[in-house]
Amino acid sequence: MNFYEISKEPIIIQEVIDKVVQREAGAITTFIGTVRELTHGKKTLYLVYEAYESMAVKKLEQIGQEIKERWSGADVAITHRVGRLDITDIAVVIAVSTPHRADAYEANRYAIERIKEIVPIWKKEHWEDGEEWIGNQLETVAYPKGKPEEKDLNE
Amino acid sequence: MNFYEISKEPIIIQEVIDKVVQREAGAITTFIGTVRELTHGKKTLYLVYEAYESMAVKKLEQIGQEIKERWSGADVAITHRVGRLDITDIAVVIAVSTPHRADAYEANRYAIERIKEIVPIWKKEHWEDGEEWIGNQLETVAYPKGKPEEKDLNE
Amino acid sequence: MNNILFFAHLRDAVGRDSVQLDASGKTVAELKQLISDKYEAVNLEHVMTAINEEFASNEEVIHDGDAVAFIPPVSGG
Amino acid sequence: MNNILFFAHLRDAVGRDSVQLDASGKTVAELKQLISDKYEAVNLEHVMTAINEEFASNEEVIHDGDAVAFIPPVSGG
Numbered sequence: 001m002n003f004y005e006i007s008k009e010p011i012i013i014q015e016v017i018d019k020v021v022q023r024e025a026g027a028i029t030t031f032i033g034t035v036r037e038l039t040h041g042k043k044t045l046y047l048v049y050e051a052y053e054s055m056a057v058k059k060l061e062q063i064g065q066e067i068k069e070r071w072s073g074a075d076v077a078i079t080h081r082v083g084r085l086d087i088t089d090i091a092v093v094i095a096v097s098t099p100h101r102a103d104a105y106e107a108n109r110y111a112i113e114r115i116k117e118i119v120p121i122w123k124k125e126h127w128e129d130g131e132e133w134i135g136n137q138l139e140t141v142a143y144p145k146g147k148p149e150e151k152d153l154n155e
Numbered sequence: 001m002n003f004y005e006i007s008k009e010p011i012i013i014q015e016v017i018d019k020v021v022q023r024e025a026g027a028i029t030t031f032i033g034t035v036r037e038l039t040h041g042k043k044t045l046y047l048v049y050e051a052y053e054s055m056a057v058k059k060l061e062q063i064g065q066e067i068k069e070r071w072s073g074a075d076v077a078i079t080h081r082v083g084r085l086d087i088t089d090i091a092v093v094i095a096v097s098t099p100h101r102a103d104a105y106e107a108n109r110y111a112i113e114r115i116k117e118i119v120p121i122w123k124k125e126h127w128e129d130g131e132e133w134i135g136n137q138l139e140t141v142a143y144p145k146g147k148p149e150e151k152d153l154n155e
Numbered sequence: 001m002n003n004i005l006f007f008a009h010l011r012d013a014v015g016r017d018s019v020q021l022d023a024s025g026k027t028v029a030e031l032k033q034l035i036s037d038k039y040e041a042v043n044l045e046h047v048m049t050a051i052n053e054e055f056a057s058n059e060e061v062i063h064d065g066d067a068v069a070f071i072p073p074v075s076g077g
Numbered sequence: 001m002n003n004i005l006f007f008a009h010l011r012d013a014v015g016r017d018s019v020q021l022d023a024s025g026k027t028v029a030e031l032k033q034l035i036s037d038k039y040e041a042v043n044l045e046h047v048m049t050a051i052n053e054e055f056a057s058n059e060e061v062i063h064d065g066d067a068v069a070f071i072p073p074v075s076g077g
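Protein chains in written order, with our numbering: chain V, 1 to 155; chain U, 1 to 155; chain D, 1 to 77; chain W, 1 to 77.
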């Protein structure tokens, strides 16, 4: 079973959840990232996601490993979509199961924050008046040394 | 559409999620409460959930209303199962959608905590050597005045 | 008349899920005392009360026709 | 020889998703300079680098056969 996937097809939420069902778990949380119509008041028509697929899978695995080290008994599954997505389509599903519920929320939140830091996936927004790769012009994340700090990568 | 339900049938997660899909939402979180085999090292065979159904639906609605007042743009759907549940069966599904992800986690967490405070649902644990209504003997939650404090009900 | 509802271990202790009795004019606390006198196995000390599906304090007065439910500490979720 | 990979706006700027060139013995910083000289539209200032699918610093030395990918700030999730 592949717990960490990049998918060209629509993500079936239930299939991601099924991977983390365990008899020891009392809680499963999922995060479902969907394509929102409005960002800062600007209307998105559709998105295109692109991944450096082999590395993205490795980095998703790394995030799962980090979670298991921090939250005992956690199981993790993550699928990220690539290709064209319309409004309300699902870009990512993160499922985390843990014995107790507080951990399931925290570990899941950790996963999405890490995805936005280290997983080589990019989105291109398409509006009525243009298109743009997100992350390229705002450059809110800058790495002066050319790569994320150790604390970013391994925290 | 009923956003707040007590169900005698197994809960279909996707059906609960579908209720909160919205074009303005970039994030959907779900909490799935499942029957865990071990609690404090004791092995559960199965559970029976019972509800004061009409009041439970009202209280779930109240929780949804509280969330919408606190987290702008949130949509909420909650289904709680009643009857006999085996290990890994789903007891409750909470789905929350919001424009931004931090809110979706926080509002979802709020919902499960509130369910455990004010929604009239009880579980009976069945072990190999007996059975017990949970909440009756530990009495970790005591209400000296005979009802939850205002802060408990309306916080 | 009033419909009095019991759930979970309270229902087991009373032996039925509801009883009919006239509690109009009584406070919740008075009704609790009456129930405890009638059913020795029933301890209502840590039990919440709902009148017509809303939580009610021990001081609240019950009216004719009100549905009164005793709500043990809940354990859903 | 080395396979050099470009993604997102870098690929648009270069006009292709990969180029073959010999970068062995060079540091990541030196390769970045070489690419920037060759493709004027390419700004690698805020771009991370991966060697064989692991993040690498500007000081790391590239060996023959290494796959080098330039990783713009990511925007998945």
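Keep in mind the hints are simulated off the structure, nothing from the lab. Please read all numbers here as calculations on a predicted model, not as lab measurements. All C-beta atoms, glycine included, are put in the ideal place defined by N, C-alpha and C. A portion of the hints provided could be inaccurate.
Covered stretches of chain D, as calculated for chain U (at least 3 residues, CB under 8 Å) [what the hints assert, rightly or not]: (1) 5-18; (2) 67-75.
Just the calculated beta-carbon pair ranges, DEER-fashion [as the list claims (entries may be wrong)]: (3) Glu9/U - Ala29/D: 36 to 42 Å; (4) Asp86/U - His126/V: 30 to 36 Å; (5) Asp37/D - Asp86/U: 39 to 45 Å; (6) Ser57/W - Gly83/U: 19 to 25 Å; (7) Ile12/U - His46/W: 30 to 36 Å; (8) Gly41/U - Trp127/V: 25 to 31 Å; (9) Ser24/D - Val48/U: 31 to 37 Å.
So the hint says 30 to 36 Å: do the beta-carbon atoms of Asp86/U and His126/V match that? violated, 47 Å
Regarding Gly41/U and Trp127/V, is the given constraint of 25 to 31 Å on their beta-carbon distance met? About 57 Å separates the Cβ atoms of Gly41/U and Trp127/V, which means 25 to 31 Å is violated.
Is it true that Ser24/D and Val48/U lie within 31 to 37 Å of each other by Cβ? holds, 34 Å
Between the segment 67-75 of chain D and chain U, are there enough contacts, at least three residues with CB-CB distance under 8 Å, for the coverage claim to hold? holds (count 6)
Hint says 30 to 36 Å; check whether the CB-CB distance for Ile12/U and His46/W agrees. Taking Cβ atoms as reference, Ile12/U and His46/W lie about 45 Å apart, which means the hint is violated.
Could you tell me whether the CB distance from Asp37/D to Asp86/U stays inside 39 to 45 Å? At roughly 41 Å between Cβ atoms, Asp86/U and Asp37/D fall inside 39 to 45 Å, so the hint holds.
Taking beta carbons only, do three or more residues of the segment 5-18 of chain D come closer than 8 Å to chain U? Satisfied; 5 residues make the cut.
Within 36 to 42 Å or not, the Cβ separation of Glu9/U and Ala29/D? Given about 40 Å between the Cβ atoms, the range holds.
Does the Cβ-Cβ separation between Ser57/W and Gly83/U fall within 19 to 25 Å? Since Ser57/W and Gly83/U have Cβ atoms about 58 Å apart, the given range 19 to 25 Å is violated.
In summary, the numbered hints that this structure violates are 4, 6, 7, 8.
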